[in-house]
Each structure stands twice: as C-alpha cells, then as structure tokens.
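K.L.:
Here the protein sequences line up with chains C and F, keeping their order. One rule links them: number in our numbering = place in the first sequence (from 1) + 54. One rule links them: number in our numbering = place in the second sequence (from 1) + 673.
Just so you know, these hints were derived from the structure itself, not from any lab. Note that the structure is a prediction, hence the values are computed from the model and not measured.
Covered by chain C, according to a simulated footprint, are these stretches of chain F (three or more residues, beta-carbon under 8 Å):
1. 785-797
2. 804-818
3. 925-934
The C-beta atom is built at its ideal place from N, Cα and C for all residues, glycine as well.
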Amino acid sequence: MEQFLQQLINGISLGSTYALIALGYTMVYGIIKLINFAHCDIYMIGAYIGYYCLTVFKLGFVPSLLIAMVLCTVLGVSIEKVAYKPLRNSSRIAVLITAIGVSLFLEYGMVALVGAGVMSYPTMTGVLADQYKLGQITISMQQIIIVGVSVLLMILLQFIVKKTKMGKAMRAVSLDADAAQLMGINVNATISFTFMLGSAFAGAAGVMVGMYYVSIKPLMGYLPGIKAFVAAVFGGIGSIPGAMIGGYFIGLVEVFVSGYVNSLYKDAVVFAILILILIIKPTGLMGRAEREKV
Amino acid sequence: MDTATKAVGTNFFNRPTVRKLLILIAIYIVVQVLIWTDILSAYLQVTLITICINIILAVGLNLITGFTGQFSLGHAGFMSIGAYTCALITMRMPTIWGFLIGIVAAIILAGIVGLIVGLPTLRLRGDYLAIATLGFAEIIRIIFVNLDITNGAAGLSGIPQFVNWPWMFFFTAGTVMLVSNFLKSTHGRACVSIREDEIAAETMGVATTKYKVTAFIIGSCFAGMAGALYASYFYVIKPEFFGFMKSIDILIIVVFGGLGSLSGSVLAAVVLAIISTLLQSFADLRMVLYALLLIVIMIFRPQGLMGSKEVSVAMLKKVGKSLSFKKKERG
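Just chain C, with the same shape it has in the complex (with noise of 0.2 Å):
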C-alpha cells in the first residue's frame, strides 16, 4: 500500500510536467492544426535558462523560473513569427517540416552552443531541499512545487481562456478562423499569444524538471515532448482540460508500468494505450467530433 502511494505522488509530478507541456501542444494543435515539434524544445530551452539562472546569475528558484517562462515565451513568438507565419496559408504538412527544421535547429544549436553532453542543475538547499515524512512515504517540497505551480498555472490557463477577451479569441480562431476574422478579431494577434502561453507553460516546466531530475542536456526534450504530445491526443486534441487529464494519466501509467511490470517497457505501454484509444474513439477521451461535410 505504501508503495502504490509512493508510486502514486510520483506519478502525479511527472504527470505535472507532462501535463504542462501537453497544454502547449493542445493549444497550438486546437488553433493551427500544427503539431509544434519545437515545442519540446522550448521546454529544453527553458531547462538551460534556469539551469544559467541558477548557477552563473545566482539568481533564486522563483525569478528563475519567472525569467526562464519570459525569455520563453519570446522564443515562442518569435518562432512563430519567423518560421510558421509566412506559411499559414500552405500545405499542413510543409509547416510540419518547417516545425521539425525548427526544432532540430534548437536541439543542435544548444549542441553547439554548451556541447552535446550533460549538465547538473545546482542542488537545492533551504526549503527546496525538505523532505516530508507521512509514515511511509515520502515528499519532497520539490515535488509539491511541482504540483502545485502546475496546477496554479492551469488554473490561470483556464481563466484566460474562460474569462478574458484575448481568450474568448483563441477559442473564436480555434473554432473557425475565418469566420473570427470577420468578426473583427485579429487571428495573427491571437495564434501570437497561443503560442506565447504554450511556450511560457513548456519553459515553466523546463526549470522544474530540471530542479527535480537534476541532469540536463541539448536532446532531454525528444522523449518527454513525444509523450506529452501523446498525452494531448489522449485526452482530444484542442481540448485544454483533456491535456491536463491527459498528462497526469501518461504519468501515471508510465510509474506504475516501471514500478509494477517492467521500467523497460513503460513507453510501450505508453503507446499502446495510445493507439486503442484512438481505435475506440479517435477523437480522445473529451475531443469533439467533427462531422464531414460534403
């Protein structure tokens, strides 16, 4: 029992981290029909800004992570601007490849900027390093900031996107973007600030991972991206509450499969969860249906 609580707090801050870089991808999915492949990378970036913030500026966790979400974030637009702007109006799959060019080009220009190798984040001192005890098990104060940021972040995600003007555009554009254009709204300012939330979400998650995991490097990004992306379109892709969903599950599954069958075939698992689900719904669990019109 112990073990299945342990495994459970686990779980649930990896999911954390999947769940917030799933956020970026869902987003930017619901209002361009683009998978972001240089989104994982962002994340990576994110990783290395704190990890600089940390060590050579000797900043605290909180403006690093702060500063690591901004700098982010205009990596994120700029991508945008740069790179997927002069195609929005060509074939989905040429964006596809300019998002894998993009991605690459960050993955291989840290590689040569800090070399290929691994880095180790500084060890945490202070509160950051506590550790509770509830009998048996175990948490890390690292662990509930996790959570807890994450699910702070979310809750913020959720207003903007219930609450505000900005948010009541991107879910316009996500719906039609056409038909939002001629209702006055300015869809290149809207998929702007998509992208600019999912990037802050993913550099949010870069200096969290990289304060609990410790090691970091120029590739870290590849598997976790792979799996958040698979957590999206576990949980519908285009829908922000299936990506949360969606991140904590993957996260789940993944501890339970190492902790209980075999820690080589947890992405196995992963994947094959995968596919069934989208044999048996394709749309994910709280995707919506698209009816084809002729």
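Start from chain C and add chain F according to the hints.
P.N.:
Then chain F, alone, in the frame of chain C:
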C-alpha cells in the same frame, strides 16, 4: 493470336519504355565506371548506397503519404523489421542464397506487419493516423530493444555483406519502376483518387479502405526491403537507428521532393545527400545549417522541389528552351 502478340510487343518496346531503359543502363554504367576508376572514393560509395536506400524508403512513403494521402510517421519501424529479418537470416546462412531469402522474408514480414498496423489505424484521419503509426513504430523499436534474439540495445553486428552497387541499383531501379507502373494502373489511380477526395472516391465506387491498406502494405514492403539492404551493407544494426528521427528523415525527403512526385523523391534523396556531404566539413554546425536550410527551403518552396509534377522529356525541353532564351536576352 498473331495480332495479340504483336500488340503486346509494340506496347512493351514503345519509345518511352526503351528510353527509360536506356537512361537506367546509362546511369548504371557511368557509376560503375566511376567506381572502377576510383573516382568515387570509398566514402562517396557509402553515400551512394545511402542515397539508394533513401530513394527506396522515400518512394515507398511517397506512395502512402504523397499519392494516397495517408500521413504516416512510422516508416522506420517497417525498415527495422526488414533489417532485423534479413540480418538474422544471413547471419545463420551466410551465402548469396541466404541473402536473397533474407530479402524476400524481410519484404513479406514487413508487409504482414504493415497489414496488421494498417487495418485498424487506416480508418483514422490525418494527424491521428500519423500519431498512431508513430506509436506503432516506437513499440516495434522497444520490442527490438527488449528481445534476446535481436541482442537488445547493442544490436546485431557482423552481418555478412552482400550488397554492392549492382544489387543496390537493381533494387532501387526496380522499386521506382514498380511504383511508377503501379500508379499508372487502375489500382494506382484509385489510390490517387483517395488523396484527392476520399468521399468522392467512395461515392464513385472505389473501395477506399482496401486501397489505403494496399498502398500502406506496398510502402511497408519497400521499407522492409530497404532495411534488409541497409543491414546487409552496413554490417551493424541497432534499434536506435530506426527511431522517430529516421521516420522524420524519410518524410523530409518526400516533402522536400514534392508530395506525389516520384522523380521529386529521387531528386530530393540525391540533393539532401549532397547537402549533407558538403556540410560535413562544418562538423559542429552541420545539423544547425541543415535545419536552417530546411526551414528556408520550406518557407520559399512549400510544395517541394517538384510539386506534384514528374521530370519528363517535355519538361526538360521547356527548361532548356527558357535557359537558351535567357541567354539570348542577355546577349
């Protein structure tokens, strides 16, 4: 009877076919002479074989994605099945017959897995299909990492080498010819009609599921063959060679050449290999420049090098005319 044989005879040895055969023979001889005279160094020969393998992979994927319109991100998975099948067979039977049996087994096995993967997933559309095929390819890779017979993550090494330029040329030219003839047949036209408009095709009586699965299986078979050739040329195979990035590499060739253009795929495989070879001297910055080039090319030519057109004699004449016209203008 007499007229029938005559008709077949005139059909087969008509001018375009003869011209194609002559061009193929010419390419073969030129490269063979370059190899004999050592103008093509050992390093360039490896590039040449890589180009050929990439052509087979890209042509197969183009049939699935470019012509039938089914977006697959798992092509490397089928390649790995072919590679492991051929490697395991030739390691136990290190003769030319073992190699041939290995290739045939690789094609059949990749085709069977293509059927197993294709039947349930091909009812998905667009990106969902892409993600499902990506998932299958990853599962195949993870299985190879965990099996004993495939020697896990370390992979297989010491695979007997049988592939050389003549074999490679035979398989590559064969693939391109087969796919191009398939596309000109009733079945090929049916596949293209699915890409153009699936609902309209279905209304006109095209069995869409059947043709989607057919195209998927044919593409998988060629991927398996390419994998077998890869294993037999490079001695070593590891599961990590056939990861997600390999599928992406193949997709890049297809999109860069132009979705729905076979000659585009061939051209793109050659051009990308040349770019990659030229960038070799930049070492660290090679991948950065490659990525930049990819972004720039896609922004300025999103339809790929050839669009959905094919290289043809008429087209070359047109290009030649416009070039000479420009010269005259300048003069």
